[in-house]
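Visitor: Which chain is which? The protein sequence lines are A and B, in order.
Taking the numbering used here, the leading residue of the first sequence gets 1, the next gets one more, and so forth.
Taking the numbering used here, the leading residue of the second sequence gets 1, the next gets one more, and so forth.
What the hints contain is simulated information worked out from the structure, not anything from laboratory work.
Beta carbons are placed, not taken as given, at the ideal position from N, Cα and C, and that holds for glycine.
Any given hint could be a false lead.
Here are the simulated DMTMM-like pairs of lysine to aspartate or glutamate, each with C-alpha atoms no more than 25 Å apart in a straight line [unchecked claim]: (1) A:241 / A:183; (2) A:304 / B:81; (3) A:304 / B:42; (4) A:287 / B:42; (5) A:230 / B:42.
If you anchor each label on the Cβ, the simulated ranges turn out as follows [what the hints assert, rightly or not]: (6) A:244 / B:444: 30 to 38 Å; (7) B:252 / A:245: 27 to 35 Å; (8) A:161 / B:444: 38 to 46 Å; (9) B:377 / A:163: 55 to 63 Å; (10) A:269 / B:397: 45 to 53 Å; (11) A:60 / B:252: 36 to 44 Å; (12) A:382 / B:39: 46 to 54 Å; (13) B:62 / A:269: 55 to 63 Å; (14) A:416 / B:74: 58 to 66 Å; (15) A:59 / B:254: 49 to 57 Å; (16) A:80 / B:72: 52 to 60 Å; (17) B:62 / A:163: 43 to 51 Å; (18) B:268 / A:201: 39 to 47 Å.
Every beta carbon over 12 Å from chain A, so not counted as near; a handful from chain B, in silico [to be verified]: (19) 28; (20) 62; (21) 77; (22) 92; (23) 117; (24) 157; (25) 230; (26) 238; (27) 300; (28) 318.
Below, each chain spelled out in residue letters.
2 protein chains.
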Amino acid sequence: MTASTGMSAESSAVINVGLLGLGVVGTGVAEKLLGKGSPLSDVAGRPVQLKQVLVRDISRPRDIDLPEGMLTTNAEDILADPDIHILVEVMGGVDSAEGYLKQGLAAGKHVVTANKEVMAKSGPELMELARRNGASLLFEASVGGGIPIVGCMMNELAANDIRSIRSIINGTTNYILTRMAHERTSFQQALGEAQQLGYAEADPTNDVEGIDAAYKLTILASLGYRQAFKPGDVYCEGISKLEPQDFRYAEELGYAIKFLAIANLNDGAVQLRVYPAFVPAEHMLAKVDGVYNAVEVDGSLCGKVLFHGMGAGREPTTSAVVGDVIEVVRKMGSQDQPSGQVGVEPKNGTPLAVRPIGDLEAQYYIRLEVADSPGVLAQIAQVLGDGQISIAAVLQRETHHETQSAEIVITTHPAKEASVQKALEAMAGLPGVKRVSNTIRIEE
Amino acid sequence: MTASTGMSAESSAVINVGLLGLGVVGTGVAEKLLGKGSPLSDVAGRPVQLKQVLVRDISRPRDIDLPEGMLTTNAEDILADPDIHILVEVMGGVDSAEGYLKQGLAAGKHVVTANKEVMAKSGPELMELARRNGASLLFEASVGGGIPIVGCMMNELAANDIRSIRSIINGTTNYILTRMAHERTSFQQALGEAQQLGYAEADPTNDVEGIDAAYKLTILASLGYRQAFKPGDVYCEGISKLEPQDFRYAEELGYAIKFLAIANLNDGAVQLRVYPAFVPAEHMLAKVDGVYNAVEVDGSLCGKVLFHGMGAGREPTTSAVVGDVIEVVRKMGSQDQPSGQVGVEPKNGTPLAVRPIGDLEAQYYIRLEVADSPGVLAQIAQVLGDGQISIAAVLQRETHHETQSAEIVITTHPAKEASVQKALEAMAGLPGVKRVSNTIRIEE
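Only chain A is shown next, with the shape it has when bound in the complex (with noise of 0.2 Å):
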């Protein structure tokens, strides 16, 4: 290896970082990564610091004290540097995100990234090119936080078949489910919250409609079944349709409604779902508040690990970036070279197939506006019949003297997806229904 690589640094002597971004959590990792007597490099067994950080404009008042010289705004500053042995990014975005880290891992430079987005997308490609080059790509901030789920699923958990991952990996959306349930808000009024408070967006769309859970749950599931994933393997379905009387049916009939990101392997096929589910109230996803996430494995020997967590925030993101940062400097070891281990390798054979959503076997849960007149109930029990769609249970509640309505609740027993999604199309052109106000799956 030459210094062209950035692999030059012996044994003792210090190893240098660039950091992409300096934002919340980037702000959080240089404080870590500054100087180089620090407690970190006596866990990481060798001094590690902080080199040179890109940021879009110097002249910005920081809530950190940076040596002079340390910012810059040419990538070119730290990705030509042959000093600079790890790249961190938590710049967040794809756009010039993942060019830089193309650009590192290529010249042999080690990389570790918060980047979900990228991970999701592009994350095979770019192990690819780590291995080629002797390089490690670690990412364990882009899913879950404080919660360290990608390391044991590349590591502790290697030695399990994956069963299932059954996770709530998006912080904002628990929040505003927990605010409905407890307050029994609506969506509008439990987002405005979370929107004042810091934890959603002013563009909550991301968050709220599945697409940040979808990318964390492409990676989880890459990880289980080491395979590439891609997110639009992943069907979605976002909480905006969830109402304040889904929370009050699903407490009376023993759950909770969490917002799930699921994968699980079937006779050879890998489903992955992102939607709002019934979960049985003495489950530990149930109790999982506020803006924690959960992520529960289901292995072949392990069987079901949870691991709970903050999933979010500058200290938690922080720990999962530096201790990051202290693998790969102990990967180095004391040879002049990387290990070139990335952590996860492709899985040889025949490739799993993703099962299409329509194939999906659970049982549900339908609330609907029906005219409050004799033999509405009938006619909808005919069409779940005639779907082979067996009933667990009925509730029918609200008469609406104004409008002449009432709500029947009806849960199924298991059935398959494309059945029931052809039955609401069904009762949604009886005469005695009003509105399919909302269907939600059940899972056990």
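We have chain A; now place chain B onto it with these hints.
Guide: Chain B only, in chain A's frame:
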């Protein structure tokens, strides 16, 4: 490196494993390691196979078919075989196991062990031996079965200063407490059931007196604080003193009773303790039922991360052992020498003191059997007041007409353990107090 160190394997050559012990866990591990083309080799990146297994009695019938000649009763067949690269120890106990591990490490063999007793008593010494001989020493299975807590303490959470570890790490006692809480059975009856189900041993001392939990806590604390603690540093109280009414009062006061193993750092000193404690009913630890384990790590960056899963049993333990084998093989990488990385380096600087239990500051639940006569509560309150112990709540119940006794339950605000112990002695000497029935710490 020469063949005599066991490191003669080339990049694509088979990695040979020597297995010490073929009990329940050993059989699970052997099944995963049998056969060169196993999926395990795929995950580890190199072919891995079982070469030899140490047993006490070759002729004993077993659940597993092993190739002719794979069993031996002579440890030297494994320890002195230069072609065996990894020792996997699942014998348990200290006597022979420790010697075998030392001999293996001294010969440069990598070691994977499930042995909590050896790691708690001699872990630091074995780690030093591994370091000197360029060998890896991994012990994920020694704590928490299928829960990847050991690896996470070493690696994924390495960026954190650990504030506390609070854990339920003995499945036998958690099963017993769960039965006592749900069925209001006596300790003896719940223990008998656990024994019938194979969850408790004929001599349950190690589990019910907290010796097993103290070993595991010693390991976790040593990793978390990067300093060698000893089992003797752990203050330990068992669960046999618990009575059904303690569970009734706990529920009434909004708590569950859990057998906790706790390490926390305060003012430069670490306190290590194992005892049954009141845990707020809404806390995740209160919801850990049956033979499940859970570990909550509070780190300076990650905040509180909780791990929940199966803490024992053949398959969860196999998950941990084989995960370690995979890690060792990956670390061996493509070079002909081990990385010398053992996952944890001792911290520089002043060692942390171990804080004695008398210095604990906690809330307390105190249950007393008193004479059903006036003035007794006043006397008790006086004793507490004299010790500067402030009362949070008082319940008086259950007058037994035949014995002229009443039961008083007191909870305190935070107080010093030493003061509480002194007050308990004074209370026991009061004329109106027949018995200090129980004292249980409250962990908020």
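Visitor: Does each hint hold? Answer for all of them.
Guide: Going down the list of hints, with the structure as the test:
1. A:241 / A:183: holds, 17 Å
2. A:304 / B:81: violated, 38 Å
3. A:304 / B:42: At roughly 23 Å apart (the allowed maximum being 25 Å), residue 42 of chain B and residue 304 of chain A satisfy the hint.
4. A:287 / B:42: The given pair, whose Cα atoms are some 37 Å apart, is violated under the 25 Å limit.
5. A:230 / B:42: Between residue 230 of chain A and residue 42 of chain B the Cα gap is close to 23 Å, so the pair holds against 25 Å.
6. A:244 / B:444: 30 to 38 Å: The hint (30 to 38 Å, Cβ to Cβ) holds, given that residue 244 of chain A and residue 444 of chain B are roughly 33 Å apart.
7. B:252 / A:245: 27 to 35 Å: holds, 34 Å
8. A:161 / B:444: 38 to 46 Å: Cβ of residue 161 of chain A to Cβ of residue 444 of chain B: about 40 Å, so the range 38 to 46 Å holds.
9. B:377 / A:163: 55 to 63 Å: holds, 57 Å
10. A:269 / B:397: 45 to 53 Å: violated, 59 Å
11. A:60 / B:252: 36 to 44 Å: Check failed, 56 Å falls outside 36 to 44 Å.
12. A:382 / B:39: 46 to 54 Å: holds, 49 Å
13. B:62 / A:269: 55 to 63 Å: Roughly 36 Å apart at Cβ, these two residues miss the hinted range, so it is violated.
14. A:416 / B:74: 58 to 66 Å: holds, 59 Å
15. A:59 / B:254: 49 to 57 Å: holds, 54 Å
16. A:80 / B:72: 52 to 60 Å: holds, 58 Å
17. B:62 / A:163: 43 to 51 Å: With a Cβ separation near 28 Å, residue 62 of chain B and residue 163 of chain A fall outside 43 to 51 Å, so the hint is violated.
18. B:268 / A:201: 39 to 47 Å: Hint holds: Cβ distance 42 Å, inside 39 to 47 Å.
19. 28: violated, 8 Å
20. 62: holds, 20 Å
21. 77: holds, 26 Å
22. 92: For residue 92 of chain B, whose nearest Cβ neighbour in chain A is about 19 Å away, the distance exceeds 12 Å, so it holds.
23. 117: Nearest chain A Cβ is 22 Å from residue 117 of chain B, so the label holds.
24. 157: Violated, because the least Cβ-Cβ distance between residue 157 of chain B and chain A comes to about 6 Å, which does not exceed 12 Å.
25. 230: Holds, because the least Cβ-Cβ distance between residue 230 of chain B and chain A comes to about 23 Å, which exceeds 12 Å.
26. 238: holds, 27 Å
27. 300: Nearest chain A Cβ is 8 Å from residue 300 of chain B, so the label is violated.
28. 318: violated, 5 Å
Hint check: violations occur at hints 2, 4, 10, 11, 13, 17, 19, 24, 27 and 28; the rest are consistent with the structure.
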